[in-house]
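Could you slot chain Y onto chain H? The hints should help.
Letter by letter, the chains look like this.
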Amino acid sequence: MGQKLSAMKYIKNNKRRVAVLVISLALCFMLTYLVNFLLSSTEETFRIVLVDNAQKIQYLRLAGSSLGMDVEHMDQEEIHELYLEKNLELAEKLKGYEEVLDSFYAQILYMDVKAAIGEWQTEIPLVEKEQVSVILKHYGTKVSEGRMPEHPGEIVLDRASMKNGNYQLNDYFDTESLDDTVKIVGILDSESYFGCGIPSEKYQLSTSIVILSDGSIQDVTKLLEKEGIFIRDGFDTVVDVKTGKEDLQKEVIDVINNSSNVIYFGVLLVLSLALYIVYTMYLRDRRNEWCLYCSIGYSKKEIYCSILRELAFTFGLAIFIGAGLTMILVVGLDFGMIRPMGIRCRYFYPEIIMEILCSYMLLIGLLQIPIRYALYKIRTIDAMEDDLYV
Amino acid sequence: MFEIKNITMIYDMEKTEKVYALGGFDLSLPDKGLIGIIGPSGSGKSTLMYCLSTLKKPTDGKILYNGKEITRLKDSEREVLRRNEFGFVFQRHFLVPYMSALDNVTVAATKHEKETIDKAKELLKGFGLGEREISKRPSKLSGGQRQRTAIARAMINEPKVLFADEPTAALDHENAFAVMEILKEYAKENLVLVITHDRSILKDADSVIEMWDGDISTIKGGGSV
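Chains as they are written, first to last, in this note's numbering: chain H, 795 to 1184; chain Y, 206 to 430.
Extracted from the complex, chain H is given alone in its bound form:
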């Protein structure tokens, strides 16, 4: 037939209207991505704490009864001694397994790791001076600033922990709970929320068996079962890859997904309603124009195609601008907030982009309702002029 109905004529001549629509859609892209980015940075951070660290070191805190202790007719001191003895005995037995490189009975210091949303406690093993270097070597890190712990109450933390807890070298750790008893004397050359030290003489902290493994232990309970120890929920605590993954899924990913879904659907609902209303008004304004096109020989299909081209251009431009704005903000947030907080993040989340693109497709689908209705209402000018005389 020749020339198509150009979509660009409307866009060129209605820059403000189109710009409002494009910017609104671009801001929704940005908002949706940023919310998901912040939530996902929480998952990234806690994955290191819960899963990655558990590949190298596992912790066992068992109840006396699980260790086979019979405490009847024993006083507190005797119980304590027997508990120590049983734990040391189990730690020695665990060393006999091929996948266990070393095992200690140690006090545990709990460190809060704060993410963009929420926080999690991770273990800092407090061991004998000689064992500190064994743990650090096993972990593949070394002191990059300050020095190794030499005296009771001295610890080293890695860079991520220092930033996350807003600590400086020679600061005291958690002064609120521990007074000035635990001092940070060195910074480790790693970024995985890890630390190690020597227990303070003033406070007796909770204890655990620390297992240094070759990375092949996913489930410590299987080793314990071989020793006749069966883990009971509510009595015993196991920190390994299996429990880490379970906690990550249940306490972090599921919670994040629920929150992000609520935000996502909220944004989508508001956007859909606003867009539907605005677009319906916009279509009404253009009715005479399309009636004219129809009268001078353009088919409804050609008119529909030009509307779709306008829509595709608007959404395409919105995605382009939204992606650009989002990238700038993501980098800004990373340098301005995430890195200073010692939080981990990824810039590129293809699944979030897919979600946004799908929601845009859904919106375009939804807008087919007013478009189809507007097309149905198109009449040739003779019919419109008949109306004038009715």
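Because the hints were derived from the structure by calculation, they are not lab data.
A virtual CB, placed ideally from N, CA and C, is assigned to each residue, including glycine.
Any given hint could turn out to be false.
[What the hints assert, rightly or not] Covered stretches of chain H (chain Y as the covering partner; in silico rule of three or more C-beta atoms under 8 Å from a C-beta of chain Y):
| # | segment |
| --- | --- |
| 1 | 804-817 |
| 2 | 1091-1103 |
| 3 | 1164-1176 |
Chain Y alone, transformed into the frame defined by chain H:
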């Protein structure tokens, strides 16, 4: 060009009192010339124009355009005919408000944009619109300039038939005669059908068809019943 046989158009078909907009007459129109169709409101002149231009389908009768029956065409075929063979000037100018005068003309073009821009400018300038007016939106143009833009839009594809429904209704006398001059010039090579109440603008028409109550009362000049 047009052979009209027993054309009938009935409105309100479902009602007991039917309204005959066209009462069943024959008419033959030439290939070129300025034909005026005149008559009071409700005489059926607009309905006749819409039937000839395929915008309306008559209830009964035949319309042959260059020997081809156009009343039985499919919608898509009628669209192609309107697009390629016919041009329209409506009672109201129906210019697209957000487009410049130039864009309003090129929007109807069937050829590619580059070819038509020069032609649209030539038409608009020929109709007395200056370089500045060409880029103005309809709201910034006078009534006469708007109607001349609408005529330029109707002529951009060099249609064989130009239908003009009350093209001078909203214009003062000076502009009305200027518009009629344009149409008269175009009618030298093509057929121009002008519907009007105003007999004075048809003084140079090759033929004037008078309509009354859905029928042709008289024909002066070319054309035949």
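Going down the list of hints, with the structure as the test:
1. 804-817: holds (count 3)
2. 1091-1103: holds (count 3)
3. 1164-1176: Held - the segment 1164-1176 of chain H has 3 residues with a Cβ nearer than 8 Å to chain Y, which meets the minimum of three.
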